[in-house]
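Sequences and hints are given; from them, build the entire structure.
There are 2 protein chains.
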Amino acid sequence: MARRGLLFVLSSPSGAGKTTLARRLLDAPGLGLTLSVSATTRPQRPAEVDGRDYHFVSAGRFSEMVERRELLEHADVFGNRYGTPRAPVERWLAEGRDVLFDVDWQGAAQLRASPLGADVASVFILPPSLSELNRRLIARNQDAPETVARRMAKARDEISHCPDYDYVVVNDDLDASETTLRAVLAAERARRARLTGLEDFLKGLD
Amino acid sequence: MARRGLLFVLSSPSGAGKTTLARRLLDAPGLGLTLSVSATTRPQRPAEVDGRDYHFVSAGRFSEMVERRELLEHADVFGNRYGTPRAPVERWLAEGRDVLFDVDWQGAAQLRASPLGADVASVFILPPSLSELNRRLIARNQDAPETVARRMAKARDEISHCPDYDYVVVNDDLDASETTLRAVLAAERARRARLTGLEDFLKGLD
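Respectively, the protein sequence lines represent chains S and H. So that you can map any letter, position 57 of the first sequence is 56 in numbering that gives the first Met the number 0, and since no number is skipped, the others follow by simple counting. So that you can map any letter, position 32 of the second sequence is 31 in numbering that gives the first Met the number 0, and since no number is skipped, the others follow by simple counting.
In short, the hints are calculated from the structure, not lab data. It should be emphasised that the depicted structure is a prediction, and the values quoted were computed from it without experimental measurement. Beta carbons are placed, not taken as given, at the ideal position from N, Cα and C, and that holds for glycine. Some hints here could point you the wrong way.
[As the list claims (entries may be wrong)] On the chain H side, residues computed to face chain S include the following (Cβ under 10 Å):
1. V122
2. Y166
3. V168
4. D172
5. E187
6. A189
7. A192
8. L194
9. L204
[As the list claims (entries may be wrong)] Under the rule of at most 16 Å between Cα atoms (straight-line distance), these lysine to aspartate or glutamate pairs were calculated in the EDC-like manner:
10. H:K153 x H:D142
11. S:K153 x S:E89
12. H:K202 x S:D103
13. H:K153 x H:E72
14. H:K153 x H:E89
15. H:K202 x S:E157
16. S:K202 x H:D156
17. S:K153 x S:D75
18. S:K202 x H:E157
In structure tokens form, the structure reads like this:
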């Protein structure tokens with residue numbers, strides 16, 4: 000049955016597995032999810048690809064995007080700016096495609112408050128525990144100790160917004176978490192409120 | 000994470016495949032659904048087992064159950080009475096088990112309006128089309144033509160309540176519909192509002 004596209008929003012503290020899970024969903028054949036690539040002013044890391052991981056833009060260009068209302072949402076994190084370009088999202092939704100957002104609580108809150116808010120389904124991915132999260136951040140071995148401490152403080156703040164989300168997935172096991180995320184996506188696609196074809200079916204009753 | 004049990008409510012017109020789908024879910028190993036067996040005053044059919052398909056009771060006993068508030072919901076359909084015994088449902092939910100309800104729109108509406116309404120997830124199962132439903136009702140070959148006509152009129156009435164449901168599944172294919180129902184169940188189990196363990200997790204942030 001015909002339906003509107005949905006905004007599938009994933010948030011989590013850094014280290015909870017969100018990026019890995021998002022990648023699995025995007026790479027799954029036939030799942031039909033399109034990633035919304037954020038714009039950011041933060042420096043590009045060696046492993047990152049411009050246009051795939053982020054659109055890397057200057058502070059001046061970012062301010063211009065804000066002023067011209069080219070962003071669906073934007074937020075400042077550790078002095079860097081992040082935002083969601085509006086035009087591709089609106090085009091994909093109009094085509095009935097579902098769009099995946101990998102954003103923090105501020106981004107999720109702004110998407111919910113946007114004109115597209117009714118089509119948001121949001122999932123918060125939790126680590127099994129805070130001590131496990133700390134262990135994972137240290138095991139990454141790419142950040143300095145003060146960065147780990149700062150990320151843990153940010154993680155606590157991020158997790159405190161978890162009650163604002165529609166779903167919560169505790170990421171004990173990547174396969175199990177992926178299965179749950181796929182279930183949430185399938186269920187949200189069957190939500191009555193999204194089915195634009197229902198009215199026509201009901202008209203057939205007369 | 001610890002959570003409250005949920006009321007998984009399935010409705011559909013007769014002939015849309017609901018009973019087959021409910022049976023598949025109940026028989027699935029590890030899915031952990033318990034069927035709420037309705038009480039009814041209608042006569043027992045040859046293939047039916049008392050206590051499995053329905054609790055077959057007299058009109059007097061049914062009235063007594065209504066008066067003593069022993070039913071979560073009850074409705075009259077074609078002059079027969081149907082109702083959901085309250086005690087077993089409350090016991091199962093307290094144990095954190097999920098309960099499946101195979102009820103019509105009146106039953107679903109009363110469950111939503113009951114004190115357990117916040118824990119209801121409701122799914123309406125549609126036939127692919129009304130003409131296909133008519134074909135299926137005739138193919139059953141167990142009902143007289145006037146019964147088929149009456150069931151079609153009742154089906155139109157039942158379908159007209161489909162907008163009251165959280166989810167809509169068009170039953171083109173039993174396997175695909177079963178997959179969607181399993182996804183809805185898994186997603187509803189991950190709903191943040193059901194997670195009683197979340198508060199304790201968040202307390203750990205302090």
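Comparing the hints with the structure gives:
A hinted interface residue such as V122 of chain H counts as satisfied when its beta carbon comes closer than 10 Å to some beta carbon of chain S; here the least separation is about 8 Å, so the hint holds. Hint status for Y166 of chain H: holds, given a least beta-carbon distance of 5 Å to chain S, under 10 Å. About 6 Å separates the beta-carbon of V168 of chain H from the nearest beta-carbon of chain S, less than 10 Å, and the hint is met. Interface restraint check for D172 of chain H: the shortest CB-CB distance to chain S comes to about 14 Å, outside 10 Å, so the restraint is violated.
With a least beta-carbon distance of about 7 Å to chain S, the hint placing E187 of chain H at the interface is held under the 10 Å criterion. Here the hint on A189 of chain H is kept, as its CB sits about 5 Å from the closest CB of chain S, short of 10 Å. Checking A192 of chain H against chain S: minimum C-beta separation of about 8 Å stays under 10 Å; hint holds. Interface restraint check: L194 of chain H against chain S, minimum CB-CB distance 6 Å, threshold 10 Å, status holds.
Annotation: L204 of chain H was flagged as interfacial toward chain S, and the flag holds, the nearest CB pair being 5 Å apart, inside 10 Å. Among the hinted pairs, K153 of chain H with D142 of chain H is consistent with the structure: their alpha-carbon atoms are about 14 Å apart, no more than 16 Å. The hinted pair formed by K153 of chain S and E89 of chain S fails the criterion: a straight-line CA distance of about 31 Å is larger than 16 Å. At roughly 21 Å between alpha-carbon atoms, K202 of chain H and D103 of chain S are farther apart than 16 Å, so this suggested pair is violated.
The hinted pair formed by K153 of chain H and E72 of chain H fails the criterion: a straight-line CA distance of about 20 Å is larger than 16 Å. Restraint check for K153 of chain H and E89 of chain H: not satisfied, since their Cα atoms lie roughly 31 Å apart, outside the 16 Å limit. The straight-line distance between the Cα atoms of K202 of chain H and E157 of chain S is roughly 14 Å, inside the 16 Å bound, and the hint therefore holds. Pair hint K202 of chain S plus D156 of chain H holds up; C-alpha atoms about 12 Å apart against a cutoff of 16 Å.
Distance restraint check for K153 of chain S and D75 of chain S: the Cα-Cα separation of roughly 13 Å lies within the 16 Å cut-off, and the hinted pair is therefore satisfied. This hinted pair checks out: K202 of chain S and E157 of chain H have alpha carbons roughly 14 Å apart, not beyond 16 Å.
When held up to the earlier numbered hints, the structure conflicts with 4, 11, 12, 13, 14 and fits the remainder.
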